[in-house]
Amino acid sequence: MFCDSPTRRSGKTQFATGNFGHDSNAENFLAMNKNSGNNLLTPQLLAQLERMELVSRKIFRGRMKGERRSRRKGQSVEFADYRNYVPGDDLRFLDWNLYARLDKFFLKLFLEEEDLHFYALVDCSQSMSFGEPTKFEYAKQLAAALGYIGLVRADRVKIEPLGSSYAGQSPVLRGRASLWRMLDYVQKMPDDANHSLAESIKSFAIRNTGKGIVVLITDLMDKDGYDQALRYLVSRDLDIYVIHVLSPVEIEPDLAGDLKLTDIEDGDIAEISVSKRLIEKYRETLASFIETAREYCSKRGIAYMMTSTDRPVDRLISRYLRQRGLVR
Amino acid sequence: MSWFNSVLNPLGWTLLLVVPPLIVLLYFLKLRRRPIQVPSTYLWKKAIEDMHVNSLWQRLRNNLLMFLQILAVLLIALACLRPGCEGTELSGERFIFLVDNSASMSATDVDSGSRLDEAKRQVGIMIDRMKPGDVAMLMVFSNKAEVFQGFTVNQNLLKQKLGEIEQSHRPTDVREALNAAAGLANPGRTSTDAGDVQIADALPSTLMIFSDGGFENVNDFSLGNLTPEYHAIGGLLPPVNVGITALAINNDPNISDRREAFAQLTNSSMEDQSVSATLFVEDEVFDAQDNVVIPAGRSVGISFPLTALFAQLDTATQLKLVVSPDDDMTEDNVAFTVVNPPRLAQVLIVTPGNEYLELAMDTEPIQKMASVVFESRDYITTEEYRTKAFDGEFDLVIFDQCQPETMPNCNTMFLGDKPPGDDWKFGDKQYPTPIADFFRSHPLINSMQLTNITILEAAKIEGPSGTQSLIDSTYGTIMAIGPRGGFQDLVCSFPLATFTDDGFQVNTDWPSKLSFPLFVQNLVSNLAGGARFLTQDSASPGEIARISPPPTVSRVQIINPQETQFSQSRDKNNMIQFSQTELPGVYTVAPDEFSTETAPPIQYFAVNLFDPQESNINVREELEIGFEPVAATTEVLPARTEYWKWIILLVLAVIIAEWYIYNRRILI
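Protein chains in written order, with my numbering: chain A, 1 to 328; chain B, 1 to 668.
If you're looking for bench data, these hints aren't it; they were derived computationally from the structure.
Just so it is clear, the structure is predicted and the values come from calculations on it, not from any experiment.
Beta carbons are placed, not taken as given, at the ideal position from N, Cα and C, and that holds for glycine.
Please note: incorrect hints may appear among the correct ones.
Residues on chain B that point at chain A, a partial pick, calculated with CB under 8 Å [unchecked claim]:
| id | residue |
| --- | --- |
| 1 | ARG34 |
| 2 | ILE36 |
| 3 | ALA436 |
| 4 | ARG440 |
| 5 | HIS442 |
With a straight-line Cα cutoff of 16 Å, these simulated EDC-like cross-link-like pairs (lysine to aspartate or glutamate) come out [unchecked claim]:
| id | chain 1 | residue 1 | chain 2 | residue 2 |
| --- | --- | --- | --- | --- |
| 6 | A | LYS281 | B | GLU49 |
| 7 | B | LYS45 | A | ASP268 |
| 8 | A | LYS281 | A | ASP237 |
| 9 | B | LYS513 | B | ASP501 |
| 10 | A | LYS276 | A | ASP310 |
| 11 | B | LYS45 | A | GLU280 |
| 12 | B | LYS45 | A | ASP266 |
| 13 | B | LYS45 | A | ASP258 |
| 14 | A | LYS281 | A | GLU271 |
| 15 | B | LYS45 | A | ASP237 |
| 16 | B | LYS144 | B | GLU49 |
| 17 | B | LYS460 | B | ASP472 |
| 18 | B | LYS46 | A | GLU199 |
| 19 | B | LYS46 | A | ASP314 |
| 20 | B | LYS45 | A | GLU271 |
| 21 | B | LYS429 | B | ASP417 |
| 22 | B | LYS46 | A | GLU132 |
| 23 | B | LYS46 | A | ASP310 |
| 24 | B | LYS46 | A | ASP224 |
| 25 | B | LYS46 | A | ASP237 |
| 26 | B | LYS45 | A | GLU137 |
| 27 | A | LYS260 | A | GLU271 |
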């Protein structure tokens, strides 16, 4: 907090006004965007995200000092309580004023400010590479945006490509300075998942033991189902958010005629003759699928949210995720 | 009568009925589906899980498209059965519809307007009754025949042409129509036996005559492959008609000074009729006769005195006779005639000097008819003569013992000489010349006694084709009249008297006989055209009218009763022949560039039906063609009412609905 605040203030001012001309961070950002073709986060979006922070419905113990108050007492400017002095306590925290009045040693206790584990799990299955923009691009943008909020608030941010060859190599990022690293990493994430959602999450759960917020960005289109996958997360006692991403053509399919549908992941084939009745049936099935997922999550304390890729990420975060309490 | 009339043979039916199972089969065949990649077939599979059925009937249950297609095929099968009710079809394959549009068909004793309308209605029904593949042709006849539509299977075309048939005002003669029909129906036949080549197989045809039978039987005609049917067109009740069958004005000033208009009224009804006749002069009532009773099936004559009118006549005048009240045929209730101002015939006599002729021409009757000029033989070599002769200023030129270089544009008479050229030939002169015979009924020598004439020298005459012999001697014809285009040349091989170096020598005593002045009078009256000047014979509708305008007029306008103008110039015979005389009424002949302000019309001529047979509108119950009686058929069976067109429209609607459903994905 002490070391990051000047940088944060500076960055906040610069992004809010959108004036990058005299700011080295902004220059770096533009240069990087240009070099890497990074278009995940626009300056406007970054400026918007600057003002936000991730909120956990649970309070977890952090590993390092962060910017959020902890139940634990520690070093901060936020006064919490007094306790009697016992030998060995740090004399710097004695309340000398009380000692003058009462002639007794009391030790001042301050609220500890800690960091937060923030995991963004991006489904890298091939089904995500569908739509315009692809659901995968959308998921990456969303993960990057949420990650940036975490970085700004000095949380521990980890963006995990589920089932991808990159999985397990994702860095733990902290601090605003890690923005470029994060963006670079997210940008390079491939949608080449070759494992099921359950297997990928199981692998993630084993590797990461930290408590915190986990946001699973997925289309839940897994033939093996998503319940096993979510169960792994629930068992870890994490604050879980599921953002269910669908493309508009999945919600309102624009198909006609006699078609042979090929599953992009497993090559499974479904032959259909599109009719009004079939489209209606599909809509019913999709609605039922979403409702089932919502109920499943609700029962297990998981925050569920369905979104379409035609909904802008900034709007999703600033309105819908704020309503759900993930950010504020 | 049958409800169904299949157009398909058993093989066709088999093929058609195989189609519905084929459609069902096609619905079970694998569709050629368009491949599309989707993120997951998970939801689709779940969606089609409910719809995915295995049993045949479940699959068919909601397949509306297939049902529509089968329905369309079944409807087509039904259309092929040609369902219909009532009525019959015509038997035969080739039909010739012969429609009478003569004047009598304008009678209005039928429900559907005129008899022609009724005939057209009946032909329309016959066309409807034709089977697919039948061919028919449409002919119209009055006194001429016209093929309105040649053989065709196109019933719509036949009906269109049928609608174009118009009423004519002509009399009836079915012969030409029968010849044309026979020629078309029996293509191997020709009009003459010589060179008859079988050009095609003769095909039997049904000849349907739609007429009231107002024509004479045609017995010198062979029907060949034609099977005649006579559809009598007329009302159920006996028709009532009184018609004017003649209207004329006595115009011979030599017979009487009284001028009268004579009319003949004919009653073709079954009962006596009483009518009133009104004579109009230039559209103003001039005279009328009431209660003229005409016995059934008889004619009566009525007359109107016109002497007072003629006394002050100085311009061409129209007369119209109207019979009232109106009856079933109004066309013959009006008749027209004209009185043209008298004009003296121009007669030129070229002679070395002929007292006999001079005396004969000096009589009063001839003075009333003609202006006679005597000239010497030198005159015919002058330019004046040539110009006048070419312009037709003479009506008759008598060449006495001389001949011109070229013939004048008028009638001529030659005495003791022949026309130039080789058409006429004289034999050697014979002496004496007893008269053997003469053409007693010819207008020139009608009612004359010529056998008492003595002729000294005469020569045998041979004239061109069409020459009529008037007086024959024991060795041949000595007086003959022959045609020259529109003119006539009278050639007499004996002169009345000769003038030689020996002096005046009489050749015949004919001038001393009573018959000579009469002959000269007939000559002026007939060949100089004196008889035509006062009134002119009426032409029948469609007949060619011959007009002889004044010599100074080279081109005329002829205005018909409907004010249509026709411009006409003289033909090579210096006459005007006008053929557009379809309408009855008065035709005006006027100089070219005529206007009523500047000049009066030259003359009028009238066109009238004047046909007792046409005015008799009783419907004949039997015709006789080639000695074969053809009984009338009055029963007109209605055409079979067929519904296949409606079914085809329904098929179209079903196919459109199927297309709409398929495209809008309402339900499959």
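Output the numbers, in ascending order, of every earlier hint that fails for this structure.
Hint check: 3, 4, 5, 8, 9, 10, 15, 16, 18, 19, 22, 23, 25, 26 fail, others pass.
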